[in-house]
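Based on the provided sequences and hints, a complete structural model is requested.
Number of protein chains: 2
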Amino acid sequence: MKKLINAPEKVVEEMLRGMEQAHGGLLRVIPEVSVIVRADAPVQGKVALISGGGSGHEPTHGGYVGPGMLDAACAGPVFTSPTPDQMLEASKAVDGGAGVFYVVKNYTGDVLNFEMAGELAEAEGIQTDYVVVNDDVSVEDSTFTTGRRGVAGTIFVHKICGAAADDGKDLAGIKELAERVNANVRSMGMALTSCTPPEAGTPIFEIADDEMEIGMGIHGEPGTARKKIEPADSIVDEMLGKILGDSVDFSGAEVAVMINGMGGTPLMELYVAYARVAEVLKNEGVNVYRMPYIGDYMTSLEMAGFSITLLKLDEEMKGYLTAPCDVAAGRPF
Amino acid sequence: MKKLINAPEKVVEEMLRGMEQAHGGLLRVIPEVSVIVRADAPVQGKVALISGGGSGHEPTHGGYVGPGMLDAACAGPVFTSPTPDQMLEASKAVDGGAGVFYVVKNYTGDVLNFEMAGELAEAEGIQTDYVVVNDDVSVEDSTFTTGRRGVAGTIFVHKICGAAADDGKDLAGIKELAERVNANVRSMGMALTSCTPPEAGTPIFEIADDEMEIGMGIHGEPGTARKKIEPADSIVDEMLGKILGDSVDFSGAEVAVMINGMGGTPLMELYVAYARVAEVLKNEGVNVYRMPYIGDYMTSLEMAGFSITLLKLDEEMKGYLTAPCDVAAGRPF
Numbered sequence: 098m099k100k101l102i103n104a105p106e107k108v109v110e111e112m113l114r115g116m117e118q119a120h121g122g123l124l125r126v127i128p129e130v131s132v133i134v135r136a137d138a139p140v141q142g143k144v145a146l147i148s149g150g151g152s153g154h155e156p157t158h159g160g161y162v163g164p165g166m167l168d169a170a171c172a173g174p175v176f177t178s179p180t181p182d183q184m185l186e187a188s189k190a191v192d193g194g195a196g197v198f199y200v201v202k203n204y205t206g207d208v209l210n211f212e213m214a215g216e217l218a219e220a221e222g223i224q225t226d227y228v229v230v231n232d233d234v235s236v237e238d239s240t241f242t243t244g245r246r247g248v249a250g251t252i253f254v255h256k257i258c259g260a261a262a263d264d265g266k267d268l269a270g271i272k273e274l275a276e277r278v279n280a281n282v283r284s285m286g287m288a289l290t291s292c293t294p295p296e297a298g299t300p301i302f303e304i305a306d307d308e309m310e311i312g313m314g315i316h317g318e319p320g321t322a323r324k325k326i327e328p329a330d331s332i333v334d335e336m337l338g339k340i341l342g343d344s345v346d347f348s349g350a351e352v353a354v355m356i357n358g359m360g361g362t363p364l365m366e367l368y369v370a371y372a373r374v375a376e377v378l379k380n381e382g383v384n385v386y387r388m389p390y391i392g393d394y395m396t397s398l399e400m401a402g403f404s405i406t407l408l409k410l411d412e413e414m415k416g417y418l419t420a421p422c423d424v425a426a427g428r429p430f
Numbered sequence: 098m099k100k101l102i103n104a105p106e107k108v109v110e111e112m113l114r115g116m117e118q119a120h121g122g123l124l125r126v127i128p129e130v131s132v133i134v135r136a137d138a139p140v141q142g143k144v145a146l147i148s149g150g151g152s153g154h155e156p157t158h159g160g161y162v163g164p165g166m167l168d169a170a171c172a173g174p175v176f177t178s179p180t181p182d183q184m185l186e187a188s189k190a191v192d193g194g195a196g197v198f199y200v201v202k203n204y205t206g207d208v209l210n211f212e213m214a215g216e217l218a219e220a221e222g223i224q225t226d227y228v229v230v231n232d233d234v235s236v237e238d239s240t241f242t243t244g245r246r247g248v249a250g251t252i253f254v255h256k257i258c259g260a261a262a263d264d265g266k267d268l269a270g271i272k273e274l275a276e277r278v279n280a281n282v283r284s285m286g287m288a289l290t291s292c293t294p295p296e297a298g299t300p301i302f303e304i305a306d307d308e309m310e311i312g313m314g315i316h317g318e319p320g321t322a323r324k325k326i327e328p329a330d331s332i333v334d335e336m337l338g339k340i341l342g343d344s345v346d347f348s349g350a351e352v353a354v355m356i357n358g359m360g361g362t363p364l365m366e367l368y369v370a371y372a373r374v375a376e377v378l379k380n381e382g383v384n385v386y387r388m389p390y391i392g393d394y395m396t397s398l399e400m401a402g403f404s405i406t407l408l409k410l411d412e413e414m415k416g417y418l419t420a421p422c423d424v425a426a427g428r429p430f
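Same order as they appear, the protein sequences are chains R and W.
Numbering (the numbering used here) for the first sequence: 98 to 430.
Numbering (the numbering used here) for the second sequence: 98 to 430.
These aren't lab readings, by the way, just hints derived from the structure by calculation.
Worth double-checking, as some hints may not be accurate.
No farther apart than 20 Å at their CA atoms in a straight line, the calculated lysine to aspartate or glutamate pairs in the EDC-like style are these [unchecked claim]:
id, chain 1, residue 1, chain 2, residue 2
1, R, K99, W, D330
2, R, K107, W, D334
3, W, K107, R, D238
4, W, K99, R, D238
5, W, K99, R, E308
6, W, K99, R, E376
7, W, K99, R, E303
8, R, K415, R, E276
9, R, K99, W, D346
10, R, K107, W, E303
11, R, K107, W, D330
12, R, K99, W, E308
13, R, K99, W, E327
14, R, K99, W, D307
15, R, K107, W, D346
16, W, K107, R, E303
17, W, K99, R, E327
18, W, K107, R, E376
19, R, K99, W, E303
20, R, K99, W, E335
21, W, K99, R, D334
22, W, K99, R, D306
23, W, K379, W, D346
24, W, K99, R, E335
25, R, K339, R, D238
26, R, K99, W, D306
27, W, K107, R, E327
Below you can see the structure in the form of structure tokens.
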């Protein structure tokens, strides 16, 4: 296992400390519960957005904490859901009296724990609601999931609902908007290589030197096909075909596009893939709105692979998508 | 070789097409010579900044083209210098009458070719000057280099001199500023794994499963020591020790800090490393200015590893470092 770490059991704690030291004016860490919150939380009168999940998907979710996106992120152990206690502490830290809204990726552990956290928070007088994001079109009922998995489309929920919360939208309004984004976002991923969680010390799956997995989940859950590596254009065609053939009609629409690297994919290759994505979308009459989002947004440690996400936009979403935000993942300069 | 590509010989061409399709309002590509230029080039009356080098280091350099940074980037084949012809065409495309300034990383091929391009451009009536960045403290006289190599510190030259050029500084002033940044910036890198250029199809070096290379160059040039993997804190201590022990006195200074991923390093690990960097710098009385730059700024394809860069700032540099810019690598949202 080749990792730049000190000890497998300290990775999350040390990562959080590094994030706080790097962006102290923006966020602070509650180390006892591995929660990152906005430095200025709670923001009075604003709905507070909370997300979270297993670690190992950075910059998801801590990198999206800040004005215009999340109020808090709960970091579980690598690839393992955070606990209801963590989520409750996050809720108490960021509630500004207008309630908290949980953005939950559809994994059974995450959903159960956020539901329980909501009950605990309500018992303490904090109003809560949540959305379960399930944008991955590749498979139904996966290893850790009933229904479809929640993947990179979640970032668009963070961005759009985060801006809406800053804009003063109330809890019911945030819920409606989050459901609307989720209803219009579709993703699919693939992997060329596996990855190794620090504490496990072994790859999450085996894959041959000439193989790839189409439809792979972000924790190595099996996809739709294990086959020989194909040219990037063929891979894009298959993934986009599945996304465009799903239940959202993207034809003629203005669409937010994300080409998300899984952590070990050179940016060069993401641009090679995007060249084909742009061509296919043009041929299909799908209009890319403003600019595509190309880079590592929701990773799986050092996995090589990528995902494609399309979100069909309406006018309200467009406004919130392009609103300013200030988060660690948004500060390259 | 596991890569998301169509054909090894088409990687650079397709990457550039993808970049242009993604950021058409910001940049355009001159495909005949693999040059990326600002969409609004030439900007009349402004010194034009040009950089370039072998591909495979993305977002270096094309990702830094745009207002506030570079006017053009010349993309060579993977890990191979672009030619004087490419640089000349870039110069002609972006010269706005105030001259062009080349930011050159110290590799023998790059230096010779940019020098020749300067002569060709001068013969066509374009005023030119250049800086050779040599920030890597690890070794003198490496595989492709006489003297010290130019690595991630180059990004600070792009940022600071790019802002200065937009601010109206003339060619002599840009030259002086670039030399001043270079005189005050020091970097060191390390690698856990090798990487595979698409056309070669084989790793650029071999390394055992329990080994790392301290002082590794961005093309796999040997460093100062090949040894067993150590904890992140020990690695950081060794690298920072060498940087702080070099000829720039960082003590008491305000310093720009970059923790640069080599392409295959999880962001989680860069934050683990930064936790130690912050601790050491605090103990040494070195003040991190504003925020550290943590992420993949100058990569080596899918190599796992990272580099640390420190730049001792003065007031003028601070202003230009924090000035707005709009480049592909600066647009996560």
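Going down the list of hints, with the structure as the test:
At most 20 Å may separate the alpha-carbon atoms for a hinted pair to count; K99(R) and D330(W) meet this at roughly 15 Å. A hinted pair counts as satisfied when its Cα atoms are at most 20 Å apart, and K107(R) with D334(W) qualifies at roughly 18 Å. Restraint check for K107(W) and D238(R): the C-alpha separation of about 39 Å exceeds 20 Å, so the hint is violated. Restraint check for K99(W) and D238(R): the C-alpha separation of about 28 Å exceeds 20 Å, so the hint is violated.
Between K99(W) and E308(R), the direct Cα distance comes to roughly 8 Å. Compliance with the 20 Å bound is thereby established for this hinted pair. Only pairs whose Cα atoms come within 20 Å are accepted, and K99(W) paired with E376(R) is rejected, the gap being roughly 24 Å. Pair hint K99(W) plus E303(R) holds up; C-alpha atoms about 14 Å apart against a cutoff of 20 Å. For the given pair, K415(R) sits about 16 Å from E276(R) by alpha-carbon distance, which is consistent with the 20 Å threshold.
Between the alpha carbons of K99(R) and D346(W) the distance comes to roughly 33 Å, so the proposed pair goes past 20 Å and is violated. Using a Cα cut-off of 20 Å, the hinted pair K107(R) and E303(W) is violated, with the two alpha carbons roughly 30 Å apart. Restraint check: the Cα-Cα separation between K107(R) and D330(W) comes to about 12 Å, which is no more than 20 Å; the hinted pair holds. Proximity of K99(R) to E308(W) is assessed by CA-CA distance (about 8 Å); at most 20 Å being required, the pair is judged to hold.
Of the pairs offered as hints, the one joining K99(R) and E327(W) holds, with about 10 Å between alpha carbons and a cut-off of 20 Å not exceeded. Taking the CA atoms of K99(R) and D307(W), the gap is near 7 Å; set against the 20 Å cutoff, the hint holds. Of the supplied pair hints, the one linking K107(R) and D346(W) is violated, its CA atoms being roughly 33 Å apart against a limit of 20 Å. Our distance criterion of 20 Å between C-alpha atoms is broken by K107(W) and E303(R), whose separation comes to about 30 Å.
Proposed proximity of K99(W) and E327(R) is supported: the alpha carbons are some 10 Å apart, at most 20 Å. With a CA separation close to 16 Å, the supplied pair K107(W) and E376(R) stays within the 20 Å bound. Our distance criterion of 20 Å between C-alpha atoms is met by K99(R) and E303(W), whose separation comes to about 14 Å. A threshold of 20 Å between alpha carbons decides the hint, and for K99(R) with E335(W) the separation of about 18 Å falls inside it, so the pair holds.
The hinted pair formed by K99(W) and D334(R) meets the criterion: a straight-line CA distance of about 18 Å does not exceed 20 Å. Taking the CA atoms of K99(W) and D306(R), the gap is about 7 Å. The hint holds against a cut of 20 Å. For the hint pairing K379(W) with D346(W), the CA-to-CA distance comes to about 15 Å; that is within 20 Å, so the pair holds. A threshold of 20 Å between alpha carbons decides the hint, and for K99(W) with E335(R) the separation of about 18 Å falls inside it, so the pair holds.
Our distance criterion of 20 Å between C-alpha atoms is met by K339(R) and D238(R), whose separation comes to about 17 Å. With a CA separation close to 7 Å, the supplied pair K99(R) and D306(W) stays within the 20 Å bound. The suggested pairing of K107(W) with E327(R) holds, with an alpha-carbon distance near 15 Å, which does not exceed 20 Å.
Hints 3, 4, 6, 9, 10, 15, 16 from the list above are not met by this structure, while the remaining hints are.
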